[in-house]
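Engineer: This is what each chain is made of:
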Amino acid sequence: VFVFPADIISTVEFNHTGELLATGDKGGRVVIFQREQESKNQPHRRGEYNVYSTFQSHEPEFDYLKSLEIEEKINKIRWLPQQNAAYFLLSTNDKTVKLWKVSERDKRPEGYNLKDEDGRLRDPSMITMLRVPVLRPMDLMVEATPRRVFANAHTYHINSISVNSDYETYMSADDLRINLWNFEITNQSFNIVDIKPANMEELTEVITAAEFHPHHCNTFVYSSSKGTIRLCDMRTSALCDRHAKFFEEPEDPSNRSFFSEIISSISDVKFSHSGRYIMTRDYLTVKVWDLNMENRPIETYQVHDYLRSKLCSLYENDCIFDKFECVWNGSDSVIMTGSYNNFFRMFDRNTKRDVTLEASRENSKPRAILKPRKVCVGGKRRKDEISVDSLDFSKKILHTAWHPSENIIAVAATNNLYIFQDKVN
Amino acid sequence: MLGKGGKRKFDEHEDGLEGKVVSPTDGPSKVSYTLQRQTIFNISLMKLYNHRPLTEPSLQKTVLINNMLRRIQEELKQEGSLRPMFVTASQPADPLSDNFREAQPAFSHLASQPLLPTDFVSTTPLESCLTPASLLEDDTFCTSPTVQHDGPTKPPPPALQPVKDSFSSALDEIEELCPAPTSAEAVAAETAANDSKDHPSESNVQKPEGLPDSRPAESKLMDSLPGNFEITTSTGFLTDLTLDDILFADIDTSMYDFDPCTSATGAASKMAPVSADELLKTLAPYSSQPVTPNQPFKMDLTELDHIMEVLVGS
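Residue numbers (the working numbering), protein chains in the order written: chain V, 1 to 425; chain A, 1 to 314.
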């Protein structure tokens, strides 16, 4: 099946109320979905998401100095909390962060003195009287305008952006540096983390993800390619090169292999809504850490451990470098992450139960209940199971999102977006 | 390799003693470890140098691959420094397999020889090393060193012969993936020489004096590489390898010819255990020629540039 590369979804994010869902794709476009208001007339249309706005956020650029293209792919979208009628979001590609304002227009002024309704200038000699323009209703129009462009602050590729709880600042992180921005100021940013060595030949570790604490505006974490997480406090110094806390799990000697380092590289880090825990995703597992315990995670969940014996092949075909994201549900009781073959996994932290589901058109009809899937790892394969060798590694679910308060999830499978809701009787 | 495809039927017989899958407890695991390491090394090199993207390559990926190469290189270096101890039978600091211990007394009189004489005596069935791709489907043996030995810092010394096997098959792999024949040779030659180069100064095969001369040539090498993340990281690796020392030197291929597997180009041919006499015959030329002249290792700068262009895949 041929997929236009530009259509591949590269990020998914609900806003703070869950009313809006934004997706970014490889072609630099942002598509925003809005949840339908529940109406008494049509109770069965329980808050479906429909397209609300589409706009081109980033365009491809060319770096003439290095003779390389700068991809327009949207790496991350983060919403700002709503403070007026308009919606604001940050979207970023590898180099540039943009602040977009999405607003509705349902009225327009009519009755200008100097120009026609078409906009053409009127002949001044024809104007004989003065009138006051009035606002008249029009068809709803949603327009997106770029309000700020934060450029030229990153030498390396931006992997994360995170809005601070003060709603005045945000940070952007690339492979070696993290910058702090004020929303109002685009021509300068503060560098708060810099791990670039003086001699690049000594570089062995990069920053892979970063996020602000949901409540403490001075605290943030960043993860590395060596499987470590550092928690920093911006009050201690301007340059947060010294961490306040350092989270690392000692290596399990029985699982040691050539690929130990690569599979320990953290692809995503997320604070829980409560702010008490952080969740990290590495190639084979999801881990939950208590902020008060640095020497090991409190929970480890196996996402697809059956891949452990295939690591060499996955290294060869580059799948081992796939960056899976992970998300919390609204109450921090369930965590979700993606896998291959369009599978995604959910882990209930309380009951310790987990489920594997598939996002594919063939296997699910609208409003049908998803059937749990299972991967067979050896021995006799049961009828509904899939063997490891039959998995399609080109169908990877890297990006998922969970509604902030309800059991609604958005799952991006290559170029398709799936939205699943809890069935209510 | 992986992906949609026919399901593999579970074959009970495959899992037995004759199975091609190596279990950690028997001899071939040492061989397989080396084999896998070699293959990963080759794959890593190709990832770094054959990739010519339109956009800047991922720094994270480059760093991880580079770390992999460095780790393997460190292992090889450590093994290189350990070998003379075995040859002189001073003390086997390593926990060794029986195979290795048996071989030691036979070669004690060859104490001055820099190569891996003991490793040639391998009575283990070698057909298991001939098809790395299929072997690596199930990477169970990649953890075997830790199962067998005490610490990860002292990996078992590789058997050179199976490594040579992996060369032919790895060569095939590389040639499939990389159109430029020179780079395939370079990789194989480089890794071959890396093994033999890791012997200490008593080795006469590699001339250390060649290094200072090649340094300026190397910095020029780095400059001509395509710009990506201050690609110094990957060329930093090149510095360690002193690539141009080995790249297009006249390598004595008698070592390769000695190995019947090479001629079969990876076919699953049966291997006869090598006798000590045969090995002595091969090693004789190395003892009589004490100095490999420096000439083969010196390169013209312009030639280097040309070679780099080819390597980089113009």
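Don't read these hints as lab results, they were simulated from the structure. Please read all numbers here as calculations on a predicted model, not as lab measurements. We treat Cβ as the ideally placed atom computed from N, Cα and C, and that holds for glycine. Be aware that one or more of the hints could be misleading.
[As the list claims (entries may be wrong)] To give an idea of the interface, some chain A residues facing chain V are shown, with a C-beta separation under 8 Å as derived from the structure:
1) Arg37
2) Leu59
3) Met68
4) Leu69
5) Leu304
6) His306
[What the hints assert, rightly or not] Calculated from the model, a selection of chain V residues having no Cβ within reach of chain A, i.e. all distances over 12 Å:
7) His16
8) Pro60
9) Lys95
Engineer: None of the hints should be skipped; say for each whether it holds.
Structural biologist: Consistency of the hints with the structure:
Because the closest C-beta pair between Arg37 of chain A and chain V is about 7 Å apart, less than 8 Å, the hint holds. For Leu59 of chain A, the interface hint holds, the least distance from its beta-carbon to any beta-carbon of chain V being 4 Å, beneath 8 Å. Annotation: Met68 of chain A was flagged as interfacial toward chain V, and the flag holds, the nearest CB pair being 7 Å apart, inside 8 Å. Taking 8 Å as the C-beta cut-off, the interface hint given for Leu69 of chain A is violated, the closest approach to chain V being about 11 Å.
A distance limit of 8 Å between C-beta atoms decides the matter here; for Leu304 of chain A the minimum to chain V is near 20 Å, and the interface restraint is violated. Taking 8 Å as the C-beta contact cut-off toward chain V, the hint placing His306 of chain A at the interface is violated, the least distance being around 21 Å. Against the 12 Å criterion, His16 of chain V stays outside the reach of chain A, whose nearest CB is about 30 Å from its own CB. Not every CB of chain A lies more than 12 Å from the CB of Pro60 of chain V, the least distance being 9 Å, so the non-interface label is violated.
For Lys95 of chain V, the shortest C-beta to C-beta distance to chain A comes to about 10 Å, within the 12 Å cut-off, and the non-interface label is violated.
Hints 4, 5, 6, 8 and 9 from the list above are not met by this structure, while the remaining hints are.
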